[in-house]
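For the record, the sequence lines run as chains L and B.
Numbering follows full-length UniProt numbering, with no gaps: position 309 of the first sequence is 309.
Numbering follows full-length UniProt numbering, with no gaps: position 200 of the second sequence is 200.
No lab work stands behind these hints, which were simulated from the structure alone.
Incorrect hints may have been included.
As a list, the in silico DSS-like pairs of lysine-lysine whose alpha-carbon atoms are at most 27 Å apart [unchecked claim]:
1) L:K259 / B:K166
2) B:K139 / L:K108
3) B:K281 / L:K86
4) L:K108 / B:K120
5) L:K86 / B:K120
6) L:K66 / B:K139
7) L:K259 / B:K170
8) B:K202 / B:K51
9) L:K86 / B:K139
10) L:K108 / B:K170
11) L:K86 / B:K219
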Amino acid sequence: MRVAVIGAGVIGLSTAQSIYEQFHSTVSPLTIEVYADQFTPLTTSDGAAGFWQPYLYDKGNVRETKWNKETFDYLLSSLSSPECVKMGVFLQSGYNLCTEPAPDPSFKDAVLGFRQLTERELQMFPGYCFGWFNTALMVEVIHPQGLLMLHQLLFNQNLKTGADVIINCSGLRSGELQPDPDLKPGRGQIVKVDAPWLKHWIITHDFKEGVYNTPYIIPGYRLVTVGGTFQVGNWSEQNNSTDHKKIWDAACQLEPSLKHARIVEDWSGLRPVRGKIRLERETIKSGAAPVEVIHNYGHGGYGLTIHRGCAQEAARLFGQVVEQKGKGPKARL
Amino acid sequence: MSSKAPRCGLTFSRMKTVRVAVVGAGVIGFSTAVRIAEALPICSVTLLAEKFSPDTTSDVAAGIVLAQEFPDIPLERQRRWFKDGFDHFFAIAHSEDAPEAGIMMCSGCQIFREAPANMKPYWSDIVIGYRPMTDRELKRFPNHKFGQAFTTLKCECSSYLPWLEKRFRKAGGRVEQRRVNSLQELSNDFDIIVNCTGLGSKTLVGDDQVQPIRGQVLKMDAPWLKHFIRDVDGMTYIYPGIHSVTIGGTRQVEDMRLHVDEGDSRSILERCSRLEPSLRKAKVLYQSVGLRPGRRSPRVERELVQMGGRQVPVVHNYGHGGWGVSFSWGTSMDALELVRQCLQEIPLQAKL
Numbered sequence: 001m002r003v004a005v006i007g008a009g010v011i012g013l014s015t016a017q018s019i020y021e022q023f024h025s026t027v028s029p030l031t032i033e034v035y036a037d038q039f040t041p042l043t044t045s046d047g048a049a050g051f052w053q054p055y056l057y058d059k060g061n062v063r064e065t066k067w068n069k070e071t072f073d074y075l076l077s078s079l080s081s082p083e084c085v086k087m088g089v090f091l092q093s094g095y096n097l098c099t100e101p102a103p104d105p106s107f108k109d110a111v112l113g114f115r116q117l118t119e120r121e122l123q124m125f126p127g128y129c130f131g132w133f134n135t136a137l138m139v140e141v142i143h144p145q146g147l148l149m150l151h152q153l154l155f156n157q158n159l160k161t162g163a164d165v166i167i168n169c170s171g172l173r174s175g176e177l178q179p180d181p182d183l184k185p186g187r188g189q190i191v192k193v194d195a196p197w198l199k200h201w202i203i204t205h206d207f208k209e210g211v212y213n214t215p216y217i218i219p220g221y222r223l224v225t226v227g228g229t230f231q232v233g234n235w236s237e238q239n240n241s242t243d244h245k246k247i248w249d250a251a252c253q254l255e256p257s258l259k260h261a262r263i264v265e266d267w268s269g270l271r272p273v274r275g276k277i278r279l280e281r282e283t284i285k286s287g288a289a290p291v292e293v294i295h296n297y298g299h300g301g302y303g304l305t306i307h308r309g310c311a312q313e314a315a316r317l318f319g320q321v322v323e324q325k326g327k328g329p330k331a332r333l
Numbered sequence: 001m002s003s004k005a006p007r008c009g010l011t012f013s014r015m016k017t018v019r020v021a022v023v024g025a026g027v028i029g030f031s032t033a034v035r036i037a038e039a040l041p042i043c044s045v046t047l048l049a050e051k052f053s054p055d056t057t058s059d060v061a062a063g064i065v066l067a068q069e070f071p072d073i074p075l076e077r078q079r080r081w082f083k084d085g086f087d088h089f090f091a092i093a094h095s096e097d098a099p100e101a102g103i104m105m106c107s108g109c110q111i112f113r114e115a116p117a118n119m120k121p122y123w124s125d126i127v128i129g130y131r132p133m134t135d136r137e138l139k140r141f142p143n144h145k146f147g148q149a150f151t152t153l154k155c156e157c158s159s160y161l162p163w164l165e166k167r168f169r170k171a172g173g174r175v176e177q178r179r180v181n182s183l184q185e186l187s188n189d190f191d192i193i194v195n196c197t198g199l200g201s202k203t204l205v206g207d208d209q210v211q212p213i214r215g216q217v218l219k220m221d222a223p224w225l226k227h228f229i230r231d232v233d234g235m236t237y238i239y240p241g242i243h244s245v246t247i248g249g250t251r252q253v254e255d256m257r258l259h260v261d262e263g264d265s266r267s268i269l270e271r272c273s274r275l276e277p278s279l280r281k282a283k284v285l286y287q288s289v290g291l292r293p294g295r296r297s298p299r300v301e302r303e304l305v306q307m308g309g310r311q312v313p314v315v316h317n318y319g320h321g322g323w324g325v326s327f328s329w330g331t332s333m334d335a336l337e338l339v340r341q342c343l344q345e346i347p348l349q350a351k352l
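All chains should be built: construct the whole structure from the sequences, respecting the hints.
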């Protein structure tokens, strides 16, 4: 069975890993090849702050809420082993701040120690009158060994024809493989700074401005990611000085100590935004034989947050394909 | 001193400046010196010490702001001490001064093998967001049945002490590097003596209650650790700081060894790695040893000491054990009040 995975961001690599984990002992031979124009550290995933948190509300999309929780539990379980350092996984607590009271977010049961903010905590953030505190996880993809572990499973990068199954994890560029009017760029610009005294993430929410268009400050492994732009429809991957000023001024107001932080670099990336994630099978009839495709793209600003749940679901769909093609264990009797 | 005397036939007698000596340059010494210099302009304050940062006991401390109950101090007074300190560090943490002063907010937990008698200690409404840990959170610590989660502050003295010194000098304070062998030797040059010599008080004022409690710590390069963990039953703790993670510890009473003990290092690494497995992948940056100025309770009181024909007011502020940073600002407030009381008692016809 030859599998071609398109895309080497967190979705592509984790899907390849899930398929490998679940099928390499029962489907033989199983070749998984990853094709991508960018590999770490140049993927969209690499620019992400690496913070596990879904959007506040799932709008009834319970599948995604389930996948988010599955990802959280999977990452949490890795903490009991020192391997978590290589994977770039660690716990970090912080504040979700709102300008008005709001219902509990969809992820309140997935994270640890979820509670409302006390008066004294809210006093730390003038302009915000409501919010929550919880402990969440970080997945710092930038740490090269995280993705390297996944790389070790996958070698051959020569494009060969005749893949049995194509796993489409091409993120924003999916539209080039197959038109998808629902898929749009959600441009984000961030500033990476050196401020090691910060040990909490701070995410602000303004329901009028929309998700991630107000300041957020997310300490990582060694640097702090400062951001707050989500420009739907903007394809530019160039850093913009107006955006930089807006982000920086807002963040310094939120966290005065940032004034003394050393700015390391700016970065811009395009989140693969879609109404909901496209995670489904498709049989494409082209030429002599139909091609089995499993789509797994459109994770917007929560790819890291949901990656494992989606990868496992994609592997489940892959299992269906295996059954149909008679390539499963039964077929070998 | 101003040299502009009024040019007329009258002479005005100036209020005599009261000369205050603060002995000790650790967190207690500098906190007390700053308090006095800022609040009492009539005082000319000189801080004297043999050792300064980074060579004080305070420099070894991780500086996490936590509290415990001292046996001989009324609870209300301890609570006030702790609250004073917490509010003080909290204000700095949320200002631009935070990185220079070495102050940061830190969330984490204290874990217990058995549930403690007092589920709501006196400091639980002073720290932020205090709550018992959830079962899911406790899963990470299979040997522990109970935990307290909260947010507190960390004060790194290698930054904080220089910051306090800056503040002290700005308020007119003077600093002198000098080993003080007896309080008597200060009586000619100073009107009030403030003793913040920590462990040094054992010999300086003959306080047998003071005993060294040796503590060894390792500084680790583990920037992925963002929470503190303290095992209350043992002596095991992990305190992420600005540039390194302090792990420890030991409590060896009457042990004056200042050099690193390799057996202690192994024990600390083993105990801490059990709580936080990722520490096994962390590099050791360096190790330190400090001698806590142990005492049943801190001595914060004043007395008059006979020195060469006169009664010299002495204010004591020492014996904070492993809680110096946490109680520094609060006890220094009490010391300031005691100095005020001494001022009121100094005869008005002071030697001119």
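Problem - Proposed proximity, K170 (chain B) with K259 (chain L) (alpha carbon, max 27 Å) - result: Holds, at about 23 Å.
Practice task
Decide if the proposed pair is consistent with the structure: K108 (chain L) and K120 (chain B), CA atoms, cutoff 27 Å inclusive.
Solution key: holds (25 Å)
Exercise for the section: Starting from K139 (chain B), check that the Cα of K108 (chain L) is at most 27 Å away, please. Expected result: holds (18 Å)
Problem - Holds or violated: K66 (chain L) to K139 (chain B), with C-alpha atoms at most 27 Å apart - result: This hinted pair holds, its Cα atoms lying about 22 Å apart.
Handout entry: Agreement of K86 (chain L) and K139 (chain B) with the hint, judged by alpha carbon distance not exceeding 27 Å
Key = Status holds; Cα separation ~22 Å.
Practice task
Sort out whether K120 (chain B) lies within 27 Å of K86 (chain L), counting only the CA atoms.
Solution key: violated (39 Å)
Problem - Restraint status (C-alpha distance of K281 (chain B) to K86 (chain L) at most 27 Å) - result: With a Cα-Cα distance of about 9 Å, the restraint between K281 (chain B) and K86 (chain L) holds, given a limit of 27 Å.
Exercise for the section: Mind checking the alpha carbons of K86 (chain L) and K219 (chain B) for me, to see if they're no more than 27 Å apart? Expected result: holds (20 Å)
Exercise for the section: For the pair supplied as a hint, K108 (chain L) and K170 (chain B), confirm whether the alpha-carbon distance does not exceed 27 Å. Expected result: Violated - the C-alpha atoms of K170 (chain B) and K108 (chain L) are around 49 Å apart, more than 27 Å.
Problem - Given pair status - K51 (chain B), K202 (chain B), alpha carbons within 27 Å - result: holds (17 Å)
Practice task
Quickly compare the C-alpha distance for K259 (chain L) and K166 (chain B) to 27 Å and report which way the hint goes.
Solution key: holds (20 Å)
The structure does not agree with the numbered hints 5, 10 stated previously, though it agrees with the rest.
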